[in-house]
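Asker: All chains, please: the whole structure from these sequences, using the hints.
If you use my numbering, the sequence shown corresponds to residues 353 to 519, in order.
Because the hints were derived from the structure by calculation, they are not lab data. Hints are supplied without guarantee of correctness; some may be wrong.
Across the chosen pairs, the derived CB separations fall in these ranges [claimed, not checked]:
1. Leu415 with Leu358: 19 to 29 Å
2. Ile434 with Arg405: 19 to 29 Å
3. Ala366 with Val409: 20 to 30 Å
4. Thr429 with Trp465: 12 to 22 Å
5. Ala383 with His421: 44 to 54 Å
6. Trp465 with Leu387: 44 to 54 Å
7. Val445 with His421: 29 to 39 Å
8. Val409 with Asp442: 20 to 30 Å
9. His428 with Gly390: 37 to 47 Å
10. Thr429 with Pro396: 22 to 32 Å
Predicted model, so just to flag it, every value in this text is computed and none were measured. Beta carbons: idealized from backbone N, C-alpha and C, even for Gly.
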Amino acid sequence: MLVGGLADGMLEFAMSLIQQYLLGSRSWNYANEPLNIGGRTTVPFMLFWGLLRYLIVRFILPLVLWLVHLIDDTWHTRLATILLAWILIDSVVTLPAIFLYGQRANGVVFDNWFAQHIGRLSMTTSCACISRTCACESHRGSSGTIYRPQARSAVMAYGRRARLAPS
Numbered sequence: 353m354l355v356g357g358l359a360d361g362m363l364e365f366a367m368s369l370i371q372q373y374l375l376g377s378r379s380w381n382y383a384n385e386p387l388n389i390g391g392r393t394t395v396p397f398m399l400f401w402g403l404l405r406y407l408i409v410r411f412i413l414p415l416v417l418w419l420v421h422l423i424d425d426t427w428h429t430r431l432a433t434i435l436l437a438w439i440l441i442d443s444v445v446t447l448p449a450i451f452l453y454g455q456r457a458n459g460v461v462f463d464n465w466f467a468q469h470i471g472r473l474s475m476t477t478s479c480a481c482i483s484r485t486c487a488c489e490s491h492r493g494s495s496g497t498i499y500r501p502q503a504r505s506a507v508m509a510y511g512r513r514a515r516l517a518p519s
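Answerer: Next up, the structure:
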């Protein structure tokens, strides 16, 4: 449980860094929480992830393995391929949506087809966070303030037809 919590805490910290520096946004900020580690994770959350990992390994994994053994061997590869395709499609949609959200928060608006369709896809699965304000709690830090990444130049923006949004 402790090793799992530590591993999950390190993963949460690393994912926060990757999102901030590669995609230009930050989805969570635990700076005001007790026992936080750089505002990116907290010891209580790490303990929670460790407990959750223990419960999954202890109770859910045996059930999943039992179900997998019920499936005919010829279907294992097919199901694995379907699940891999699902994960890849999700990644192709999610990563650009996070990047574009960070750019919109910096005032960069995209006029290309790809950005408009990714924006529509991400709006159907999350709240409407289009410019510098956000109505949902999932994009707010623990203090209730909306995280805004450091402003970047339009030259670093994704796509050729990026322009700065009017303030």
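Asker: Each of the hints needs a verdict: does it hold here or not?
Answerer: For each hint, the structure was consulted:
A beta carbon spacing of about 26 Å between Leu415 and Leu358 agrees with the range 19 to 29 Å that was offered as a hint. In this structure the supplied range 19 to 29 Å holds for Ile434 paired with Arg405, their Cβ-Cβ distance being about 26 Å. Between Ala366 and Val409 the Cβ separation comes to about 22 Å, which falls inside the hinted range of 20 to 30 Å. The beta-carbon spacing between Thr429 and Trp465, approximately 35 Å, falls outside the hinted interval of 12 to 22 Å.
For the pair Ala383 and His421, the beta carbons lie near 46 Å from each other, so the given range of 44 to 54 Å is met. The hinted window of 44 to 54 Å between Trp465 and Leu387 holds, with their beta carbons roughly 46 Å apart. Between Val445 and His421 the beta carbons are some 33 Å apart, a value that agrees with the proposed interval 29 to 39 Å. Roughly 24 Å separates the CB atoms of Val409 and Asp442, a value that falls within the hinted 20 to 30 Å.
Between His428 and Gly390 the Cβ separation comes to about 41 Å, which falls inside the hinted range of 37 to 47 Å. One distance hint, 22 to 32 Å for the beta-carbon pair Thr429 and Pro396, is violated here, with the actual separation near 41 Å.
The structure fails hints 4 and 10 (numbered hints given earlier, in ascending order).
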